[in-house]
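Each chain is listed here by its residues.
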Amino acid sequence: MTTLTYQRPTSLREALETGGSDGARFVSGGTDLMVQRRSGRSGTENLVSLRRVEELAGIDWKNDQLRIGAAVPLAGIGADQRIARDFPALAQAIAALGSVQIRNVATLGGNLCNASPAADTAPALLAYEARIEIANTGGTRTVGLDEFFTGPGSTVLQPGELLTAILLDARQSAGSAFMRLGRVRMDLAIASAAALVEIEDNRCTHARVAVGAVAPTPLRLSAVEEILEGKAPDGPTLAKAQAAVDALISPISDLRASARHRRRITPVLVARALEAAISMATGDAQ
Amino acid sequence: MNRVTFTLNGRSTVAVVDPHKRLIDLLRDTLGETGTKEGCGEGECGACTVLVDGRAVNSCLYPAPEVEGREVLTIEGLADSRGKGLSPLQQAFLDNGGTQCGFCTPGMVMAAVDLLRRNEHPTRADIQTALTGNLCRCTGYVQIFESIEAAASATNGGES
Ligand SMILES: Cc1cc2nc3c(=O)[nH]c(=O)nc-3n(C[C@H](O)[C@H](O)[C@H](O)COP(=O)(O)OP(=O)(O)OC[C@H]3O[C@@H](n4cnc5c(N)ncnc54)[C@H](O)[C@@H]3O)c2cc1C
Ligand code: FES
Ligand code: FES
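Chains as they are written, first to last, in our numbering: chain A, 7 to 292; chain B, 29 to 188.
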């Protein structure tokens, strides 16, 4: 199916009005959509470009609260020094995503709305407990990212609704990290993991762990977090956390790896992400 | 059909294009600028790399109507803008065996332009990262890295 029109709204209101009409489809960086259209997986008729919508274009801080517009190219987020410092797992995930050419146009909004179980930014954003701002012609609402994904390629977004921003709170004393394994540098992850911890008096007071590409959606591992919280961040605790991963994931076999391989490597990636997060939180050499 | 007005290699350009066409179709088929190559058509190989508003993008993934009001630089614009032969970066590819069959070369050169504009003296690792999205089936990449290093060490980022 061919595109009949290509619209370039400049305001959120205009984008929502054109995007709400029959057969309309939002396009941001187009790095998922243009590939899907080529392989006939998308029957889009009317594209509504988000690239010029002013409300989606900014990176804004209010004290420790960060708001990233859904249509900011990943390269812009990756180049932001304060994001690299306060949200290193997100910066690491972006550095691992695609190529320079892809990151120059691809967006966070697109990575999340495409809802691939392997979306690289999702585990990091889950570990940071990101909230998602959604707009429709009636107003805006906010949902936790852990409630956003409903299955492979599907989210809570209703037709015509826009993801407008990703909202994050910096935890100044936390350490965090992202780990991923791919076949080659430029390929979707076979599996990925992100971890965030806070340590006080040699006890883990706060832990968040999430994984990608090993379940129908990117996944928070609450049971692993519970094992860590209140314990010393030492070898035995990490071993328990690592051992708990297998029961929580449901990987499939595909062209990138077998389910069995994914079951072997995911606990290791979780442990490595935790180790990196712990050494950052405790100020060890990085 | 969409009418788009944009700057191509420094010249104001008006074209009429189907809304479902990609930038590479606009360049090659509508405007006859065939320096930009199509390899995979899926963002994997980088042969189609051009600069839009100064940043390297895959023109096979870029909707043609999106160039409205923007600046596009293609491989044709490197030599043309000087009016006297190849740019130093292009010459460095020739001098250092950075091109064999030549199919990947326009994309490699444009990705290198993007790199050298932001980082005048890249390390080997910087170059490798910058070319993650560019495949070459001939050279084995080493000569390409050397070409870019040669252009960079000829002081000013290799463009002028
Ligand atoms: C060569 C290549 C390599 C890649 N490598 C990786 C990788 O390593 N890791 C990875 O995770 N991904 C990768 N991708 C996938 C893709 O680049 C990312 O998912 C990217 O972040 C998508 O963003 P986009 O802006 O280009 O999305 P688009 O293609 O513009 O949109 C994707 C989908 O989301 C919808 N959408 C976009 N924005 C919004 C919004 N604000 N509100 C509502 N709906 C919206 C669109 O309608 C579409 O359905 C790769 C893609 C390519 C082509
Ligand atoms: S043709 Fe565009 S990346 Fe291969
Ligand atoms: S020179 Fe032939 S593909 Fe690179």
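No lab work stands behind these hints: they were computed from the structure. Just so it is clear, CB atoms sit at the ideal spot from N, CA and C, and this is done for glycine as well. Some hints could be false.
[Said to hold, decoys possible] Listed next, with one range per pair, are the computed distances between beta-carbon atoms:
(1) 181/B to 242/A: 25 to 35 Å
(2) 151/B to 208/A: 56 to 66 Å
(3) 114/B to 71/A: 25 to 35 Å
(4) 246/A to 128/B: 51 to 61 Å
(5) 165/A to 170/B: 47 to 57 Å
(6) 114/B to 153/A: 33 to 43 Å
(7) 170/B to 153/A: 44 to 54 Å
(8) 42/B to 20/A: 41 to 51 Å
(9) 42/A to 152/B: 31 to 41 Å
(10) 145/A to 130/B: 29 to 39 Å
Against the structure, the hints come out as follows:
no.: 1; hint: 181/B to 242/A: 25 to 35 Å; verdict: 53 Å, violated
no.: 2; hint: 151/B to 208/A: 56 to 66 Å; verdict: 39 Å, violated
no.: 3; hint: 114/B to 71/A: 25 to 35 Å; verdict: 50 Å, violated
no.: 4; hint: 246/A to 128/B: 51 to 61 Å; verdict: 55 Å, holds
no.: 5; hint: 165/A to 170/B: 47 to 57 Å; verdict: 51 Å, holds
no.: 6; hint: 114/B to 153/A: 33 to 43 Å; verdict: 56 Å, violated
no.: 7; hint: 170/B to 153/A: 44 to 54 Å; verdict: 49 Å, holds
no.: 8; hint: 42/B to 20/A: 41 to 51 Å; verdict: 24 Å, violated
no.: 9; hint: 42/A to 152/B: 31 to 41 Å; verdict: 36 Å, holds
no.: 10; hint: 145/A to 130/B: 29 to 39 Å; verdict: 55 Å, violated
Comparing the model with each numbered hint stated earlier shows that hints 1, 2, 3, 6, 8 and 10 do not hold.
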